[in-house]
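Participant: Going down the list, the protein sequences come from chains A and B. Residue numbering for the first sequence follows the numbering used here, starting at 1 and increasing by one per position. Residue numbering for the second sequence follows the numbering used here, starting at 1 and increasing by one per position.
Do not rely on the hints blindly, as some may be mistaken.
No copy labels: a pair is met if it fits in one copy or bridges any two.
Cut-off 20 Å, straight-line C-alpha distance, at most; resulting in silico cross-link-like pairs (EDC-like, lysine to aspartate or glutamate) [claimed, not checked]:
1) K138 - D62
2) K127 - E112
3) K138 - E67
4) K53 - E75
5) K92 - E141
6) K186 - E150
7) K92 - D63
8) K138 - D63
9) K127 - E113
10) K117 - D21
11) K28 - E112
12) K46 - E105
13) K64 - E150
14) K40 - E99
15) K33 - E99
16) K40 - D62
17) K64 - E141
18) K40 - E141
19) K28 - E102
20) K64 - E149
What the hints contain is simulated information worked out from the structure, not anything from laboratory work.
Letter by letter, the chains look like this.
There are 2 protein chains.
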Amino acid sequence: MNPNLIEYIKRYVNISQSEIDLFNLYLKPKIFKKKEFLLKARQTCKSRYFITKGCVRLYYIDDKGNEQITHFGIENWWITDYESLINKIPSKLFIQATENTEILELPQVIFEELCFKLPKIEKLFRKIMEKTYIASQKRLEYMFSQSGEEMFNHFITSNPEFTQRVPQYMIASYLGMTPEFISKIKKNKK
Amino acid sequence: MNPNLIEYIKRYVNISQSEIDLFNLYLKPKIFKKKEFLLKARQTCKSRYFITKGCVRLYYIDDKGNEQITHFGIENWWITDYESLINKIPSKLFIQATENTEILELPQVIFEELCFKLPKIEKLFRKIMEKTYIASQKRLEYMFSQSGEEMFNHFITSNPEFTQRVPQYMIASYLGMTPEFISKIKKNKK
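Hey, can you work out the whole structure from these sequences and the hints?
Facilitator: Structure representation (structure tokens):
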């Protein structure tokens with residue numbers, strides 16, 4: 001198994017080598033070239049993805065035809081469209097590689113079987129979901145309480161590598177701003 | 001055990017009467033009068049709460065001294081401050097009963113033991129977290145894509161009973177609006 005995923009799992013649950021080996025049987029390594037899609041809108045999302053290399057973005061097309069980025073994912077993050085995966089409904093989201101990306105795919109169809117064989121994986125994903133939810137709550141709180149400029153500064157301070165890896169217009173979309181607004185903030189800083 | 005909680009659990013996992021009885025041993029019934037606090041800011045949240053009767057609000061005091069409501073909870077909802085509970089840090093939130101409220105408290109200190117004895121409860125809370133996360137993502141999406149008026153109309157259509165049970169200024173706070181803005185929307189409707 002990918003050493004980063006082993007380290008990741010061990011942060012949440014005590015797991016033995018034989019259990020890691022069993023979990024590994026359920027993971028399918030896949031490679032996506034930059035701009036390739038892991039998922040397209042109207043498809044039903046069928047897997048959770050652990051990113052071992054690269055970067056992806058999750059976005060939807062809004063009523064006005066604009067791309068609205070909801071999330072990014074980089075190395076050592078699990079990403080999926082939970083609404084489509086759990087409710088088994090067509091996704092509104094596109095998941096697209098913004099760099100050449102390598103992932104480990106955990107298909108939902110075998111997820112319950114895995115949890116049955118290895119209850120620690122159930123615990124792992126319960127804890128991952130709690131952390132993911134906490135992050136989403138903090139994001140909501142920032143949207144309530146911070147100005148656009150504060151949100152941008154908070155984002156680049158908390159996620160310095162994104163500003164190197166992701167074009168500015170994508171960061172603008174994630175923060176619900178126009179690229180022009182971000183250019184203005186940066187200009188004011190100078 | 002409260003029949004609504006049994007029904008709630010059965011929506012997520014297959015559970016026997018003896019397992020329900022075991023789970024029930026971990027739950028403490030509590031009563032809060034209207035305006036009483038389940039949690040105050042600076043306390044560390046130590047439990048998950050299942051509401052059997054009544055209504056609570058979760059809110060924080062922002063930099064300007066205003067109350068910002070982050071969530072409501074009514075019958076058959078689990079609520080807690082996940083950030084404080086999971087990270088074992090002082091809460092920024094107040095959890096206050098907005099009606100006379102009855103809850104079942106599941107203390108975190110015995111939660112892991114319960115999950116060990118009853119792995120189905122681990123599964124239950126993994127699934128609850130997924131649904132809770134999906135709801136928070138939809139809320140974020142509405143904040144991105146809807147106007148204030150659309151958000152208000154969507155809220156009252158999706159949660160008709162809240163408008164009966166919760167004062168208008170609390171709904172305004174939850175939606176990040178002023179009470180005056182909501183009065184204006186209502187006036188325009190007429």
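Participant: State whether the alpha carbon distance between K64 and E141 is at most 20 Å within one copy, between copies, both, or neither.
Facilitator: Result: close only across copies, 14 Å inter versus 26 Å intra.
Participant: Please work out whether the CA atoms of K64 and E149 approach to 20 Å or closer within one copy, between two copies, in both situations, or in neither?
Facilitator: between (25 Å within a copy, 18 Å between copies)
Participant: Could you place K138 and D62 in one of the four classes (within, between, both, neither) given a Cα distance threshold of 20 Å?
Facilitator: The answer is between: 14 Å across copies meets 20 Å, while 24 Å in one copy does not.
Participant: Which holds for K40 with E141 at a C-alpha limit of 20 Å: within a copy, between copies, both or neither?
Facilitator: Answer is between: at 18 Å across copies they meet the 20 Å cutoff, but 29 Å inside does not.
Participant: Pop the pair K92 and E141 into one bin, within, between, both or neither, using alpha-carbon distances up to 20 Å.
Facilitator: Between. Shortest inter-copy distance 11 Å satisfies the 20 Å Cα cut-off; intra-copy 24 Å does not.
Participant: 20 Å Cα cut-off: does K186 pair with E150 within a copy, between copies, both or neither?
Facilitator: Within one copy only: 12 Å inside a chain, 32 Å across chains, cut-off 20 Å.
Participant: Pop the pair K53 and E75 into one bin, within, between, both or neither, using alpha-carbon distances up to 20 Å.
Facilitator: For K53 and E75, the Cα distance is within 20 Å only inside one copy (5 Å; across copies 44 Å).
Participant: Regarding K117 and D21, is the shortest C-alpha distance of 20 Å or less found within a copy, between copies, in both, or in neither?
Facilitator: For K117 and D21, the Cα distance is within 20 Å only inside one copy (13 Å; across copies 25 Å).
Participant: If the cut is 20 Å between Cα atoms, do K92 and D63 qualify within a copy, between copies, both or neither?
Facilitator: within (12 Å within a copy, 36 Å between copies)
Participant: Pop the pair K40 and E99 into one bin, within, between, both or neither, using alpha-carbon distances up to 20 Å.
Facilitator: Cα proximity of K40 and E99: one copy only (17 Å, versus 45 Å across).
Participant: Could you place K46 and E105 in one of the four classes (within, between, both, neither) given a Cα distance threshold of 20 Å?
Facilitator: For K46 and E105, only the intra-copy Cα distance (10 Å) is at most 20 Å; the inter-copy one is 35 Å.
Participant: For the identical chains here, do K138 and E67 meet the 20 Å Cα criterion within one copy, between copies, both, or neither?
Facilitator: For K138 and E67, only the inter-copy Cα distance (16 Å) is at most 20 Å; the intra-copy one is 23 Å.
Violated hints: none; the structure is consistent with every hint.
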